[in-house]
Amino acid sequence: MFRYISKIIRYWSLKNKNKSQDTAPGKVNNEPLSSDLKRNLEVIKGILRDSSDVTFHEFNFGHERKFKGALVFINSLTDKNEIHKNILQPLMYDVLLLKKDVSMDFSKIDTIGKNLISIAGTNKLTLLNDLLDHLLAGSTILLVDGSKEALAIECHKMESRSIEEPGTEAVVRGPREGFNENVNVSIALIRRKIKDPDLCVEKFKIGERTRTGVYIVYIKGVANPELIEEIRKRLSRIKVDAILESGYIEQFIEDAPYSIFPTVSNSEKPDKVVSKILEGRAAILVDGTPFVLVVPMLFIESFQSGEDYYSRPFLASIMRIVRFLSYIISTLGPAIYVALTVFHQELIPTQLLISIAAGRERVPFPAILEALLMIFTFDILREAGVRLPKAVGQTIGIVGALVLGQASVEAGLISPIMVIVVSSTAIASFAVPAQTDSGTILRYLFLALAGLAGGFGIIMGLLATLLHLASLRSFGTPYLWPIVPLNFTGLKDTFIRMPLWAMPKRSSVIVWNEKGSHRQSPGLAPSPYRKDSDGSK
Amino acid sequence: MRKKINILATELILCFLMLFMLSGCTGGREINDLEIVIGMGIDKDKDTGKILLTAQVVKEGELGKLSGSGGGGADAKAFWNVSGTGNSVFEAVRQITHKTGNRLFVSHNHAVIFGNDLATEGLQKYIDFFLRAHEMRPTAMILIAENRASDVMDAKPETEKLPAMNIAKLVKAYGFTSHFYKVNMKEFASCLMSETKSPLAPLVGVSQDKDSEDIYVSGMAVFKKDKIVGKLNEHETRGLLWVLGEVKSGVLIVSSPNKEGNAVLEILEAKSKVKPEIKEGKIVINVRINAETSLSEQTTSENLATIEAFEKMQDAQAEIIRHEIMMTFDKSKELNADIFGFGEMIRKKYGKEWKDFKDNWDEIYSTIKLNIDIDVKIQKTDLLKKPAAQKEEGK
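Quick note, the sequences are listed as chains A and B, same order. Position 367 (the first sequence) corresponds to 370 in the working numbering; numbering is contiguous. Position 296 (the second sequence) corresponds to 301 in the working numbering; numbering is contiguous.
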C-alpha cells in the first residue's frame, strides 16, 4: 500500500518538475553598459518607460562643466535630501573647490566614487541587469559619459514600523521587542544580542519579480557547516516569481511537505531566535515579514517558551508539563469522551455515567455528531474572531458563549458535559501555539477514529501518529529527539527544565563539535559563601 | 498512466474503508440506548416456579431532577424495577427487553441479591450466567435476601435514591462493626469450586416501619456446597472475622472492674495468624490474635485510666473475643460447614496427609481442636483521661 502512495507522490513531483523547467521565466537584459551616456539612458528609459516615478536627471559637472553625467533613481524609494547634499552638491559645486590644475579624470566612475561622493555604500556596476536590480532596490544610479561603468549609491528611504511587542508569543518576563518587516531592523536586533565576529549573515535574492532579500544567519563554528550548505542548496533551488512572506520559503525548503507536523519553526522574537542560533541552528530572515524561520526544528521546541529559561526552573517545569498535557487534551479530549461514552461505558464510574446519561437524555444526535458539531462551531468562532474588526470582536465572545454553552444545552441539542469537554479542549489548544495546525487536524482525525472504532481506533491512530513522528527529520535532525533516539542530556530540558547551571552542554543533536556544545563552565551551581570551602580565606 | 493512478486511488480508498469494516465487531452504543442496571434480584416465581428476575434500572432524568434544585415530586422514583421471568437467568434477562425496549447494560451492576428460596434450592445453576456474561463484573457483590429479593429492590431508602446503590454502600461499610462481611461474585465462586470451604454471603433484609422501609445488612448466610444451611448472627460473624484477620473495627463491651457499669472499647486493629498442626493424627489449629483497642465510652464514674483497670479490661476483652470465636466454631461444627477454610490450610501445609482427610473431611471437621491465643492491648482513652464526674463520687 505504501508503495502505491510513494509512486503517486513521485509521479506528481516529477510532473511538476518538468512543468517548472518549461516555464522558468528568464531575463534577457544581461548585456554590458555602453560608454555612451545617451545610449545607456535610452536603454533604461526603454525598459522603465511606463514607470512614472523614475527620475532621470542629467547634469554637467566639473570645472568648466565639461563632464556629462546623469542620475537615475526612483522617487518613492530614495531620500532626495541625501541626493542633493551628498551627490549633486559635491559633483557640481564642491568640485570647484579643488585646484584647477589637479588633473582628475571625472569620466572614470572610480575617481568620482572615491573623491566626490560622500555616501558610504557604493557599488560599481557594469551590467545592465545589475543596474536595474540596484535601481529597483532603491539605490541611486550615477552614470557618466565616457564610462562603461555606473555607480549605485545607497540612499534609500525605507519607511518601517517601529520596534513593537509582537502580537504572538507574549511573555510575562522577558524582552518585549519583536522583529520587524524591515529586514535590516531584524538583523540589527540579532546583531545587538550576539556581538561575535563569527556571526554570519549570508544574503540571497529569491523571487524573479520580487527580488526579495533572504538572509541566513548563523554562527560559524557553532552551526554545522553541512547544515548551512544544505540550507544554501535548498534556498538556491527555489525558482518562483514572488516571495511575500517567510511562509513561502518554509514551504519550499521543509523536509516533509506532506506531513501535518511543521519541520521549520518560526518566531517573532529576537531573544528566542538568538538562543536558537546560539544552539547551532540557523535563522532564515525574509525581507518584508517579522516572522523569522529557524531550522532544524525539534518536536519538543513547540512546548518550550522563551520564558521557561528566564523564570526559575520550578514553575517553568510545571508549565512545560501543563503544555504537554494540553496538547494531549486538545488532540484527544473529544475523541476519548466519544470512545468512553459510546464504546466503553463500563470504564466510567457509575455516578458519572448516570450524570452523563442524564445530561444526554434529550440530545437527539449520536455522541460523535454532537462532538463534531461543537468542535466545528468552535473552529468557526476562532476563525471569525481572528478576522473580525476589533470594534465588533467582543461580540463574538458573547455570542460564542451563548451559542456554544447555555442556549444549545437548554435547547437540548448538546449535553452539558460535551460543552465542558469541547471548551476545555478549545482552551487547551491555545497552550501550544506552534502545533495548532497539527492539533486541529489530529482532533478531527482522532474523533473520527473514536466514533468508528472506540478506544481501538484511538490506539491505532496514536500508533500511526507516533510512527510518523518518529520517521520525520528536520534538516537531518530526528524530529522526536531527545525521546527518540533517547538522549539523557537532552531530557534535562524536555519534560522538565533543569536549572541553567545544571545544563553545561547544548543539544548534542544540533551542535556538531565540542566547541559548539560548550555553553558554560561546569560546576556553576551557586551556594552561599563558606570560609572553609574557599582555601584562600 | 492517469488511468493507472485512478485505479490505485480507488484501491487505496477501499483499503481505508475496509479498515473500518474490520472494527465493526467492537460495536458502539449511544448512552441514550442503554438501560443502566445497578442491581439485580433473583427469586423464584411463586406461581409458575420459574425464575423471576428484577433488574433495577436507573431513571437518569428523574435522578437529575431530584438532585437539582427543589422541584422534584416526592413520589418520583429515580429507579425502575423491571422484572422478567424465564426458565433460566439469561432468558429472564432477555425477557425484560419486552418492557424496556433496550438491552440491559449490566456492567455497572453493583449487587446481585438472591432470594432465600433459591438459596435453599442451590445457587450453582443460577450463578453461572453472572460469571459467564462478559458484561458482568466479577466484583459485583452477592447478597442473600432474608425473604424475597424483589422486596429489597423495592425498598425506599432515605438518603440514597437508588436502593441497589444503598446496598452497595451498606456492604462496603461493614468495617464499622464487623458484623458481616463483603463477598463478591468472584470470591463466592472460588469457594464454590473449593473442595471444603463453605461459601458465605451477607444477609440483606427490609425493616418495616410505619412510614419508611429501610434496608439493613446483618449477619451471614452459610452455604454447604451451594445450598444455604444456616446463618451466622452478628457476633458469630465477628468470631469468624477474628480468625480470618478481617476485623476492621467494631465495638467491644466489657463490664468495668468494679462491676458498676461498662467500658466500651473500639477495635482499632486486629491481626491473626492461623497455623494448622497435625498431632498424633489429630488436627489442631493454632490461632493467634493481636488486637488493639481504645477506650471510647464508659458508663461508670470510676477512673478507668489506670494500669490495673487496663489489665482487667484487657483480660475481659480477650475473653469476649475467645467466646465469639468459640461460638462460631461450634456453630460451624454444628452446621458441618468449613467456613474458616481450615481444609484449604491443611491441604496447603500437609499435602501428603490431606489425601487421607480429603474423603471424609466432614467427619474429621468435627474433631478439630482450636487453640486460641489472644493478645489485646488498650492503646488510648481518646480525649478524656478521667470521666467527667466529681472526684468524691469516684470511689
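Take these hints with a grain of salt, some might be off.
Capping the alpha-carbon separation at 25 Å, the derived lysine-lysine pairs in DSS-like fashion look like this [claimed, not checked]:
| # | chain 1 | residue 1 | chain 2 | residue 2 |
| --- | --- | --- | --- | --- |
| 1 | B | LYS354 | A | LYS10 |
| 2 | A | LYS18 | B | LYS174 |
| 3 | B | LYS8 | A | LYS10 |
| 4 | A | LYS18 | B | LYS253 |
Label pairs and their computed distance ranges (CB to CB) [as the list claims (entries may be wrong)]:
| # | chain 1 | residue 1 | chain 2 | residue 2 | range |
| --- | --- | --- | --- | --- | --- |
| 5 | A | PRO507 | B | GLY180 | 52 to 58 Å |
| 6 | A | SER530 | B | THR311 | 42 to 48 Å |
| 7 | A | ILE263 | B | THR144 | 51 to 57 Å |
| 8 | A | ILE462 | B | LYS215 | 30 to 36 Å |
| 9 | A | ALA387 | B | GLY180 | 38 to 44 Å |
| 10 | B | THR164 | A | ALA410 | 31 to 37 Å |
| 11 | A | LEU465 | B | THR144 | 28 to 34 Å |
| 12 | B | GLY32 | A | LEU470 | 24 to 30 Å |
| 13 | A | SER530 | B | VAL256 | 35 to 41 Å |
Calculated from the structure, these hints are not laboratory results. The model shown is predicted, which means the values in this text are computed figures rather than measured ones. Just so you know, even glycine gets a beta-carbon here, dropped at the ideal spot from N, CA and C.
Each hint, compared with the structure:
Proposed proximity of LYS354(B) and LYS10(A) is contradicted: the alpha carbons are some 70 Å apart, above 25 Å. A C-alpha spacing of about 71 Å is found between LYS18(A) and LYS174(B), which places the hinted pair above 25 Å, so the restraint is violated. Distance check on the hinted pair: LYS8(B) and LYS10(A) sit about 14 Å apart at the alpha-carbon level, within 25 Å; holds. Distance hint between LYS18(A) and LYS253(B) is unfulfilled; the C-alpha atoms sit about 79 Å from each other, more than 25 Å.
Evaluation of the 52 to 58 Å hint for PRO507(A) and GLY180(B) yields a pass: the beta carbon distance comes to about 56 Å. For the hinted restraint 42 to 48 Å between SER530(A) and THR311(B), the CB-CB distance of approximately 56 Å leaves it violated. Here the CB-CB span from ILE263(A) to THR144(B) is close to 42 Å, at odds with the stated 51 to 57 Å. About 57 Å separates the C-beta atoms of ILE462(A) and LYS215(B), a value inconsistent with the hinted range of 30 to 36 Å.
Our hint of 38 to 44 Å for ALA387(A) and GLY180(B) is violated, since their Cβ atoms are close to 58 Å apart. Here the CB-CB span from THR164(B) to ALA410(A) is close to 35 Å, well matched to the stated 31 to 37 Å. Roughly 29 Å separates the CB atoms of LEU465(A) and THR144(B), a value that falls within the hinted 28 to 34 Å. Distance hint for GLY32(B) and LEU470(A): a CB-CB separation of about 27 Å, consistent with the stated range 24 to 30 Å.
Checked against the given bound of 35 to 41 Å, the beta carbons of SER530(A) and VAL256(B), roughly 58 Å apart, lie outside it.
Going down the numbered hints, you'll see the structure goes against 1, 2, 4, 6, 7, 8, 9, 13, while the others check out.
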